[in-house]
Each structure stands twice: as structure tokens, then as C-alpha cells.
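Protein chains in written order, with the working numbering: chain A, 1 to 271; chain B, 1 to 271; chain C, 1 to 271; chain D, 1 to 271.
These are calculated hints, taken from the structure and not from any lab test. If you're wondering where the values come from, they're calculated on a predicted model, not measured in any experiment. Cβ coordinates follow ideal geometry from the N, Cα and C atoms, glycine included. Among the hints, erroneous ones may be present.
[Stated by the list, open to error] Straight-line distance between alpha carbons at most 20 Å, and here's what the computed EDC-like set of lysine to aspartate or glutamate pairs gives:
1. A:Lys253 with B:Asp229
2. D:Lys161 with C:Asp42
3. A:Lys55 with A:Asp229
4. D:Lys55 with D:Glu164
[Stated by the list, open to error] Chain D regions said to be covered by chain C (calculated; three or more residues, Cβ under 8 Å):
5. 33-45
6. 58-70
7. 137-145
[As the list claims (entries may be wrong)] Ranges between beta-carbon positions, derived for each pair:
8. C:Asp134 with D:Met218: 29 to 35 Å
9. C:Lys156 with A:Leu255: 34 to 40 Å
10. A:Gln225 with B:Gln225: 37 to 43 Å
11. A:Asp134 with D:Asp229: 44 to 50 Å
12. D:Leu268 with A:Pro221: 39 to 45 Å
13. D:Glu223 with A:Leu255: 43 to 49 Å
14. B:Gln225 with A:Lys193: 35 to 41 Å
15. D:Tyr169 with C:Leu268: 46 to 52 Å
16. C:Asp42 with D:Arg159: 17 to 23 Å
17. D:Asp265 with B:Gln225: 43 to 49 Å
18. D:Asp42 with C:Leu268: 47 to 53 Å
4 protein chains.
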Amino acid sequence: LAMAKKTGKVRAPTHIVSSICDDRGEEPTYCGVTMSELIENDANVGDAISLLWFKRRLPRYATKFIEMCVVLCADHGPCVSGAHNTIVTARAGKDLISCLVSGLLTIGPRFGGAIDDAARYFKQACDAGQEADDFVEGMKRKGIRVPGIGHRIKSKDNRDKRVELLQRYARKHFPSTRYLDYGISVEEYTLQKAANLVLNVDGCIGALFLDLLNSVGMFSPQEIQEVVDIGYLNGLFVLARSIGFIGHALDQKRLQQPLFRYPWDEVLYTK
Amino acid sequence: LAMAKKTGKVRAPTHIVSSICDDRGEEPTYCGVTMSELIENDANVGDAISLLWFKRRLPRYATKFIEMCVVLCADHGPCVSGAHNTIVTARAGKDLISCLVSGLLTIGPRFGGAIDDAARYFKQACDAGQEADDFVEGMKRKGIRVPGIGHRIKSKDNRDKRVELLQRYARKHFPSTRYLDYGISVEEYTLQKAANLVLNVDGCIGALFLDLLNSVGMFSPQEIQEVVDIGYLNGLFVLARSIGFIGHALDQKRLQQPLFRYPWDEVLYTK
Amino acid sequence: LAMAKKTGKVRAPTHIVSSICDDRGEEPTYCGVTMSELIENDANVGDAISLLWFKRRLPRYATKFIEMCVVLCADHGPCVSGAHNTIVTARAGKDLISCLVSGLLTIGPRFGGAIDDAARYFKQACDAGQEADDFVEGMKRKGIRVPGIGHRIKSKDNRDKRVELLQRYARKHFPSTRYLDYGISVEEYTLQKAANLVLNVDGCIGALFLDLLNSVGMFSPQEIQEVVDIGYLNGLFVLARSIGFIGHALDQKRLQQPLFRYPWDEVLYTK
Amino acid sequence: LAMAKKTGKVRAPTHIVSSICDDRGEEPTYCGVTMSELIENDANVGDAISLLWFKRRLPRYATKFIEMCVVLCADHGPCVSGAHNTIVTARAGKDLISCLVSGLLTIGPRFGGAIDDAARYFKQACDAGQEADDFVEGMKRKGIRVPGIGHRIKSKDNRDKRVELLQRYARKHFPSTRYLDYGISVEEYTLQKAANLVLNVDGCIGALFLDLLNSVGMFSPQEIQEVVDIGYLNGLFVLARSIGFIGHALDQKRLQQPLFRYPWDEVLYTK
Ligand SMILES: CC(C)(COP(=O)(O)OP(=O)(O)OC[C@H]1O[C@@H](n2cnc3c(N)ncnc32)[C@H](O)[C@@H]1OP(=O)(O)O)[C@@H](O)C(=O)NCCC(=O)NCCS
Ligand SMILES: CC(C)(COP(=O)(O)OP(=O)(O)OC[C@H]1O[C@@H](n2cnc3c(N)ncnc32)[C@H](O)[C@@H]1OP(=O)(O)O)[C@@H](O)C(=O)NCCC(=O)NCCS
Ligand SMILES: CC(C)(COP(=O)(O)OP(=O)(O)OC[C@H]1O[C@@H](n2cnc3c(N)ncnc32)[C@H](O)[C@@H]1OP(=O)(O)O)[C@@H](O)C(=O)NCCC(=O)NCCS
Ligand SMILES: CC(C)(COP(=O)(O)OP(=O)(O)OC[C@H]1O[C@@H](n2cnc3c(N)ncnc32)[C@H](O)[C@@H]1OP(=O)(O)O)[C@@H](O)C(=O)NCCC(=O)NCCS
Chain A
1 LAMAKKTGKV RAPTHIVSSI CDDRGEEPTY CGVTMSELIE NDANVGDAIS LLWFKRRLPR
61 YATKFIEMCV VLCADHGPCV SGAHNTIVTA RAGKDLISCL VSGLLTIGPR FGGAIDDAAR
121 YFKQACDAGQ EADDFVEGMK RKGIRVPGIG HRIKSKDNRD KRVELLQRYA RKHFPSTRYL
181 DYGISVEEYT LQKAANLVLN VDGCIGALFL DLLNSVGMFS PQEIQEVVDI GYLNGLFVLA
241 RSIGFIGHAL DQKRLQQPLF RYPWDEVLYT K
Chain B
1 LAMAKKTGKV RAPTHIVSSI CDDRGEEPTY CGVTMSELIE NDANVGDAIS LLWFKRRLPR
61 YATKFIEMCV VLCADHGPCV SGAHNTIVTA RAGKDLISCL VSGLLTIGPR FGGAIDDAAR
121 YFKQACDAGQ EADDFVEGMK RKGIRVPGIG HRIKSKDNRD KRVELLQRYA RKHFPSTRYL
181 DYGISVEEYT LQKAANLVLN VDGCIGALFL DLLNSVGMFS PQEIQEVVDI GYLNGLFVLA
241 RSIGFIGHAL DQKRLQQPLF RYPWDEVLYT K
Chain C
1 LAMAKKTGKV RAPTHIVSSI CDDRGEEPTY CGVTMSELIE NDANVGDAIS LLWFKRRLPR
61 YATKFIEMCV VLCADHGPCV SGAHNTIVTA RAGKDLISCL VSGLLTIGPR FGGAIDDAAR
121 YFKQACDAGQ EADDFVEGMK RKGIRVPGIG HRIKSKDNRD KRVELLQRYA RKHFPSTRYL
181 DYGISVEEYT LQKAANLVLN VDGCIGALFL DLLNSVGMFS PQEIQEVVDI GYLNGLFVLA
241 RSIGFIGHAL DQKRLQQPLF RYPWDEVLYT K
Chain D
1 LAMAKKTGKV RAPTHIVSSI CDDRGEEPTY CGVTMSELIE NDANVGDAIS LLWFKRRLPR
61 YATKFIEMCV VLCADHGPCV SGAHNTIVTA RAGKDLISCL VSGLLTIGPR FGGAIDDAAR
121 YFKQACDAGQ EADDFVEGMK RKGIRVPGIG HRIKSKDNRD KRVELLQRYA RKHFPSTRYL
181 DYGISVEEYT LQKAANLVLN VDGCIGALFL DLLNSVGMFS PQEIQEVVDI GYLNGLFVLA
241 RSIGFIGHAL DQKRLQQPLF RYPWDEVLYT K
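Only chain A is shown next, with the shape it has when bound in the complex (with noise of 0.2 Å):
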């Protein structure tokens, strides 16, 4: 290899580098532990979450929270782009993988990407001490929306049932909820513009992540931020959506629905 390379015959070195599971010995690891190990300690799928992605063994209520967030956004219903692709998809008699997959490719900026996006701004914003007001108000200079903030229709006296619960475990288990503690002060100033601009679930598991990631102790601040720069969040997302984008094919399949084909009288055609 060593002579390709510097002969210029192969652009790049040819073997690849893997730090997250070891297939080799008598059964896999997930960053050094057994599978046994993980089934006698009764792992639960935010246990295989934190050795695959974080390559660490978090605590229990950091895990348990991870658990949370996976159900909490396994599924939004069958009109969102990536539950319809899936469905369209699961119609045309397709194989369960490609309605999955013709869904997840839906996922992005504007469908699904909240999380990673209030992570971002909460932290960069939080971090440098900014008040509430000049966030908002810088955001607004910018022209974007504050991710993590807004609701269509709830509001001020008809709070997200989810956001409570993830802050009553949150205030409970957490040793700091600094950055939900943030976001909260941004709710209370947008919530002077208007009744609908609450911190909604995506805002509150953002922010909830950053500070997880803080309380166990495990992680470096350029740690943390290599996290939310490469959009572990969104990871997040797209693994509990599986779950819902699943559900939605074999939904479709036993119902036996026939080819989608959207009306002719629904499209404008134009020039």
C-alpha cells in the first residue's frame, strides 16, 4: 500500500479506521462491552445509544432520558413528508427498506431539524452570556425564526403536556438544567410577542441534551461542541422516526391500500 501510495496509484489509504464495535472476539462489543455484560446489567436501547454514539457508559437517568426523547418522537402521524413518502412508497408494493427510506430522505432543515438547530443557537447563545432580549432580538435582526420556539396551538395557558413532563424528570434527575433553564427565560420573553410562542418539545429536548451532556461529567466543552456541530441530535430524530416510518409501512401493507397517484386537480400546472 505504502509503495501504491507514493507511486500515486491510490488516492487514498485503502483500510478503514472503526472505534464503536468489535466484532472479532467470542460475542461484540459496544465500545469494549460484552453483550452479555449489557443484557445482565439490563440495557435498554438508550444504553446501546450511549456506547455506539458516545462511545461512553452514561448514567442511568441520562440513558432513561434518551429512552424518553426516542418515544416521544417515534411518530407525529401520516402527514408529515416523511410518513407520506413512506406511505406512497409502501403503495407502490415496495419492500419494507425502501419506505423507510424514501421517508428518512424527507428529514432536513425543514422537517425534523428543530432539535439540533435550539441545541445550537441555546448554546452558543447561553455560553456567551447573552440575555434572552438581545437573542431574540439579535435572531430577529438575522431574520430567523428561534428554533425550539413556537406552537401552533398551544400556548401560554395550554402548555405541551411533553414539555412538562420532560422538565418535571428533567428538575428531578438532572444535577443542572442551566440551558433549559435558558430556554425558558427566551419562552418568557417571546411569550410577550405572543401567546403561541411557548418553548415547544423539540426546544425543550435540545436544550435538556445540552445540559445532560454537561451534568455527567464525561465530556470536554470541545466534546460537547463537536456533538451538536456534527448533529448527533438529529440522529436522534431519525432513529425514533424509524419507529414511526416502520409502523406506517406495515400499516399500509396490512390495510392493503392500492397505488397513491396524486389528483390531477390537486396540481397546478403552470409554465
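Since chain A is already given, all that's left is putting chains B, C and D with the ligands on it; use the hints.
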């Protein structure tokens, strides 16, 4: 719509039928259960799957078993087709979803599909009251390897720890382990042929899932058949392994690996 | 490698065998033909397909026919499953490739697959010397609609222009049109049943592709069967329609369309 | 819909706007042109692309150039990321579309994206009247390699045949080759730095596409900028390379290759 259909303008009814999740109310419901209720009841990922795929509140021993399966199938190293394609895509600098999807598309008959097939064959043979030797010899005549049987390393005297743990859990919590027992009778017969023809982890999960569906007393025989025919267990593998694939994509990004190119001298250029 | 294989370390040989394109020399070759040679000979897309899929230099009348098929199948409006999913993904703000792929994944048995199936059934029936009436009645008994037959709008007295044009081309340039003639004899019989049971464009392409493969005198009967079994014509549809899907994605981006959400009142929420 | 939107029930208008293809009439039209007309005019794939992507009937010299680009980019061997993933998926026994898609998802900033980037940078620099040396040194200061420049094997005295052929075609048929000339002036400067810093085939296509868009006199400056911003040329590469990826998938199926597993000893298992 009716008129449009009659006049032949549209081929298929355009509206969508959906039965797993309702997002129209105050908070989304999974098969009628509100998210608050889920959180209050300390629901885990197994519960979300139970509601969104099986449309039932499975008992705790069952949802706990589903969690165990997800944890055990979450990853199996960087060398399998799916992890490999995810790694190659991550090294091409693509977004997390593209990486995940490129890996998922390799799951199928040759990679990841043994659980579903094991369930299918064990169910058919066991329901028909076929003796283990008859079943194995019948498969041999058809030229099909018994799915769920065989291991590259494990053998009679060096059992797979995961299989032991799953069995122990099921014997303790499942009302019946009829299919597992059938799988073991198959193993007893195949072990006479070769020491490595043990019941493997895929076979064990396949058989135990049948036991779960039968034990909980919530599925008619037709419904169980439908689960096996549609291939829900494939969905379980896909969901579980998504954890690993996302982990591999994040890993490559963290390790800042360059573009992968397969080496010329590993390719046989032929006519 | 040999030792690793023997000691059971690797399950499958790791190197790759490849036969269509060699990139090791001064310039890449498609099945032995250099790119310069291609350009000098005024090669079109049909020639590239001919070399990379069929591994032959098909005569000009054949590559010209392949081009015609790609042009004719390039798009069929925004309402079909595939274009729809591409549009939804584009409106979610995703990159071009995600949009294209989300659409491609809907192609299969119910959308886009009629060409391959028409070729399969026409070939089998025609090779077996089955009379058209026998063939159609046999399909009816099996409960299968004859692929390649039937149109929602076109009929006996209002033929599909494309079918006419393809036929005219083939009768002028193909040495033999045996399978097309068989398709027409099938149409003659089905037209007695209903006026809209014409040979449609999919059936026409399927039959003519068989004629092409037989006419050029470069494929053994086994090789032709392999083309039909593997499903090359599905590939032709996929490639052709990619032009349309990419077009739809670019169109939505140009039109700056917002996130698509399927309307609640078009969904039947059921149990 | 209007009321639903007003009462906040739906976030986005539900109907779809589409402008490239109308399937409602007797025969589909691509941007107003019927399929019959296309066939009668001997339209090639370049014409279909021209109508469905650019919404114009480009002159023959332009559609012929598009064809040449598709032919030249159709494949580049089995070792590049995309072909490799397609091959791995094919060897996992998956359907043609899954194979193609798994490969397509690797196309992006590091693989296949040089044409678009070359067009972007050449356009910006040339439009701004920047001298070649200024441009190259400016890129160097920003730490960006000039896209479209450099080749692993080719050099000053051993030019790439494809680049020569494309140039010859353009000089003969294009009214203007302003951007190509700019690219060549860049090459002249970079060749003084190293003998392998030639204008490569990506750079040549990128520059010539700008010349095409300017030459045909059918695009306003804003429209040309939009083409470059949205990234149509990426679409061209994606479409072209799909021919190769489909070819690789068919190739593996024909060669009946078994499941691919990356070898353990090529992996560096690390912490
Ligand atoms: C959730 C959301 C889409 C709800 O939107 P909505 O109910 O349709 O609200 P509207 O678009 O009608 O906005 C009403 C007003 O509130 C403002 N507003 C809404 N969300 C805002 C936010 N997050 N930050 C600042 N201002 C906001 C709007 O600019 C608008 O003001 P205007 O009338 O002066 O222009 C919206 O709040 C939002 O985009 N939030 C940020 C993204 C997010 O967190 N999404 C999570 C849900 S997926
Ligand atoms: C898991 C597996 C791939 C291990 O294979 P392996 O160690 O490479 O075994 P070999 O291919 O060397 O087979 C050795 C012998 O056992 C036989 N054998 C292996 N698995 C068998 C099975 N499941 N049923 C019947 N016979 C089997 C082989 O036919 C072979 O016999 P032969 O030498 O007379 O031809 C293989 O057992 C198998 O395919 N099992 C079924 C699929 C499955 O359950 N996979 C789960 C793991 S993903
Ligand atoms: C193209 C097609 C979908 C048009 O369908 P349509 O106009 O909606 O026709 P209908 O479904 O109303 O069928 C009318 C009658 O013709 C029969 N019929 C339609 N297509 C038939 C076919 N290909 N073979 C045999 N009978 C057919 C139907 O069974 C029905 O008979 P019935 O009333 O006794 O049940 C249909 O002809 C078909 O499925 N063809 C085969 C697939 C194909 O070639 N598709 C290519 C277009 S993508
Ligand atoms: C095509 C390419 C990958 C070939 O690279 P290579 O032969 O491996 O060249 P190297 O990476 O060894 O570079 C050799 C020197 O030339 C310089 N160089 C290479 N390409 C350069 C470019 N496009 N612009 C400026 N300098 C360049 C390198 O910086 C290096 O200089 P250094 O030794 O002072 O650091 C490279 O030229 C490149 O990245 N080009 C731009 C992208 C592109 O057009 N790709 C099209 C082919 S897919």
C-alpha cells in the same frame, strides 16, 4: 372524487387511510395512547414499537424482550455490508441520513434477514407437527440451509452467551416457549451432523418472537401469520441496526476520515 | 486471503470481480472501448448503455432505439408516485440526490414495472408457440392482467401516437419484429373484449426489445433469457425516469416551494 | 383550504405547482412539446434533458454536447465510492434500484462534485475580470484547491484525450468559448507550478457548460446564475453515472457474486 373516479380521471382513490397515530388533537396518540400517558407509565422503546407496529399495549415482559432484541442487534462491527456502505458514504462527506440509508439498502436476503426466515420456517414446521429430523431433512432435499442454525465459531461446547441469556429470560417470563423448544429440538438433530450447527442468535430471536406473539393472547392465528408474512422482524433488525449505522457514520465524521477508494489490486478486472 | 478463508476468518472472498469498465489505463474504457473512440464515433447515450449494460457494441439502429425509449419514458407528469415523492422531498429542502432517490424507490411492481413484465410474458408465450387467445385466456385463469395491454384513454380508434412511431421505426430498421407481431396478435384478441385493451407503450417497448435482442445476432438464447430474468428493462425505465425526477426536483427548487404537508381532511384516520 | 389555512389547521398550501411536464392530454408533453414531435425530430437524450431541466429547446449543438458529457461521465470503474457501494449492495442480493441508490448517495462534495464547483469558481472569477494568477493565488490563500485543475496521471506533455475532444467540439460548434479560454489561462498559470496541474475533464465540462448557457442566447444572467447555484451540473453527473452504477449492478448479478464482507485485517480497530 367519486365522479372523477367514475369518469376515469383518477386511477386510485387519492385519500390516505391510516391507523397507527393521530396527530390532530392536543397531543399525538400512538394507537389511542397519549404521549403523556406513555411517559407517565415509564414507557420504553419497546412500548412505542408495540403500539405503532403491533397496535397493542403488549405486557411489560414482551416490550422488555423487544428492547433486548434491539440492543442485541444494534451493531455487529464495521465489516458487514451495511456498516461498510455507511462508512464509505460517510467518508465521501455526505450527510448523516445519506450514510444511514446507503447502509440500510444492503439489508435483505443475505444480510440481516435470518430472523424472519427462521420464524417462517420454524412456525410452518412446528404448526404442522413435523418432527425436527423430518424438517431438517426436508430442508436439505430442497437445498435450503435451515435459517437460524449454524455459527462460524460457536459450537456445542462453546455456546453463544446471547442465546443463553435470551433463553433464560424467556423461560423465566414467557408463559410458553413452544417454538423455542422446537428450535432446540432442531438444534439437537443438527448437532449430530456437525458441532457448529447450533441454534444461533437469529434463530433464537425468531423462535422466541413466535412464542411472544402466541403467549400474550392478543393475536389471532391469522394475525400472527400476517406478522410473519409481512416481515415485522425484518423491521426490528432494520431499526436496531440503524443505531449501529448511525454510530458508524458519526464515528467516521469524528475520525475525519478521507474519501475511500477501493484499491485497484483487490479487483479482478475480467471480460 | 487463502489462509484467512481456510481458518474461517472471512466468510466470502474479499476481492471484487468487475467486467464492464477499466479505469486503470490512460483513459477509461467501456468494455474495451476508449472514451476517445466513443467520442470520435459520435457515440450517443444508447451506445454507452449498450457497452456498459450489454457489453456489446450494438448496431446504430439498436442504440438509436434505446435512445428513443429513454426519451419516451423520461417523464410522465408530477402525479405518479415517484415524481410525487421527489417533489415532496424537494419541498423539504433536501439535496438533489435525496430528492431523486426518494422518487426512485417507488419504482417497482406497481409503478414502472410493466415493460419488463410484458417482455417476460410475451417471450414465454411466443417462444412456446402459444396462440394469442390461449395466452390471454390462460392469464385470465391465473387472474393476471396481461402486462403491456390496456390504456385508460386510448382505444382502437384513437391509437397512442408513441406506439405508432415506435412501430414505424422498428418495421423500417429491425431485421425481425416477431415479438411485436405477437404483441399485436394479442391486441387483436383483447380488442374484441374491450376497445381500450390496446397494446400500450410499455407492451410495445417490451416486445420490441425482445426483437432487438434477437435481431442483432449477438446474444445466445440463454443470454437473452438472462436479460429478461435479471430485468434490464427495469433499468432502462429507472434511468429514463431519473431525467424526469431530476427535472421535478430542479423545478421545485426554482419555484421555491415550501414544505409540503398532506392535508388532514384527506386522511381517513381509522382503527 | 383557504379556511383551513386561516384557522391554522394546515401549515403549507397542499396543492402542488409543477411546470415541466403535462400528462393530462392525449400524450404527455415535455415543456409543451409532444412526444410524437420529439420522435419525429429525432430527439436524443440531450433534448429530453434540455426540455425537462432547462425548459427550453436548446439548439442541436448544445444537446449533442450534453449527450457527450453523459457519455463521458457514464462510468469510471468499480473502485470509486459509488460503484463500490452499488457492487456491495448487489452482492447482498438486493434489487436493482436499491443497488443504484446505495451508490448514488455517495455522490457529493468529495466524489462527483468537481464539475459544479469548477463552473461556480470559474464563473465568479471570469465575470469579475480577475486575472488567472490572481484567481489561483486567491484560492491558495483561502486554502481551496482550484476545482477542475489537476490530474493524478496526465500532465502538460501527456494531455487527456477527452479534454482535447471536448475542446475541439466546442471550438467548432460553440459561438463563444470565453469560459473555456479562462480555464485554459488558469491552466497556463498552474502548469508553471507543477506539470500535472492541467485543466481536467471536470474543469473542461464545467467551463464549457458556462459557454453553452451563454452562447445559446436563451438565458438571462440571473437564470445562468440560478443554474449554477442550484447545481444542475451535479444532476448531469448523477444521471450519467447512473448508467455506470446500473451497469455494475447488472454485472454483479450476471457474475453471481456472493455476499461481500470487508476483511477484518484491513480494519484498524481503535479506541
Ligand atoms: C412552530 C412554528 C412553525 C409555528 O408557527 P405558526 O403558528 O404558523 O406561527 P406563524 O408562522 O403564524 O407566526 C406568527 C408570528 O410569530 C412569529 N414567530 C413564530 N415563530 C417564531 C419563532 N420561533 N421565533 C420568533 N418569532 C416567531 C412569526 O414571525 C409571526 O410573526 P409576524 O406575524 O410578525 O410575522 C413556528 O413557531 C416556528 O417556525 N418555530 C421555529 C421552528 C421550530 O421550533 N419548530 C418546531 C416544531 S417542528
Ligand atoms: C451461519 C452460517 C453462515 C455459518 O456457516 P459456516 O460456518 O460457514 O458453515 P459452512 O458453510 O462451512 O457449512 C459447513 C457445513 O454445514 C452445513 N450447514 C451450515 N449451516 C447449515 C444450516 N443452517 N442448515 C443445514 N446445514 C448447514 C453446510 O451445508 C456444510 O455442509 P457440507 O460441508 O456438507 O456442505 C451457516 O450456518 C448458515 O448459513 N446458516 C443459516 C443462516 C443463518 O441462520 N444465519 C444467521 C447468521 S447471520
Ligand atoms: C393500463 C390499465 C391500468 C388501464 O386500466 P383501466 O382503464 O383502469 O381498465 P380497468 O381497470 O377499468 O379495466 C376494464 C376491464 O378491462 C380488463 N383489463 C384491463 N386491462 C387488462 C389487461 N391488461 N389484460 C386483461 N384484461 C384487462 C379489466 O379486467 C376490466 O375487466 P372487468 O370489467 O371485466 O373486470 C390496465 O389495462 C392494466 O393494468 N394493464 C396492464 C398493466 C400495464 O400494461 N400497464 C401499463 C401502463 S403503466
Ligand atoms: C485531481 C487531484 C485530486 C489530483 O491530485 P494529486 O495528483 O493527488 O495531487 P497532489 O494531491 O499530490 O497535489 C500535488 C500538489 O499540487 C497541488 N494541487 C493539486 N491540485 C491542485 C489544484 N486543483 N489547485 C491548486 N493546487 C493543486 C497540491 O496542493 C500539491 O501541492 P503541495 O505539494 O505544495 O501541497 C487534485 O488535483 C485536485 O484535488 N483537484 C481539484 C479537484 C478536481 O478537479 N477533481 C477532478 C478529478 S475528480
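Here is how each hint holds up against the structure:
no.: 1; hint: A:Lys253 with B:Asp229; verdict: 11 Å, holds
no.: 2; hint: D:Lys161 with C:Asp42; verdict: 15 Å, holds
no.: 3; hint: A:Lys55 with A:Asp229; verdict: 17 Å, holds
no.: 4; hint: D:Lys55 with D:Glu164; verdict: 30 Å, violated
no.: 5; hint: 33-45; verdict: holds (count 9)
no.: 6; hint: 58-70; verdict: holds (count 3)
no.: 7; hint: 137-145; verdict: violated (count 0)
no.: 8; hint: C:Asp134 with D:Met218: 29 to 35 Å; verdict: 55 Å, violated
no.: 9; hint: C:Lys156 with A:Leu255: 34 to 40 Å; verdict: 37 Å, holds
no.: 10; hint: A:Gln225 with B:Gln225: 37 to 43 Å; verdict: 51 Å, violated
no.: 11; hint: A:Asp134 with D:Asp229: 44 to 50 Å; verdict: 33 Å, violated
no.: 12; hint: D:Leu268 with A:Pro221: 39 to 45 Å; verdict: 28 Å, violated
no.: 13; hint: D:Glu223 with A:Leu255: 43 to 49 Å; verdict: 46 Å, holds
no.: 14; hint: B:Gln225 with A:Lys193: 35 to 41 Å; verdict: 57 Å, violated
no.: 15; hint: D:Tyr169 with C:Leu268: 46 to 52 Å; verdict: 57 Å, violated
no.: 16; hint: C:Asp42 with D:Arg159: 17 to 23 Å; verdict: 21 Å, holds
no.: 17; hint: D:Asp265 with B:Gln225: 43 to 49 Å; verdict: 45 Å, holds
no.: 18; hint: D:Asp42 with C:Leu268: 47 to 53 Å; verdict: 49 Å, holds
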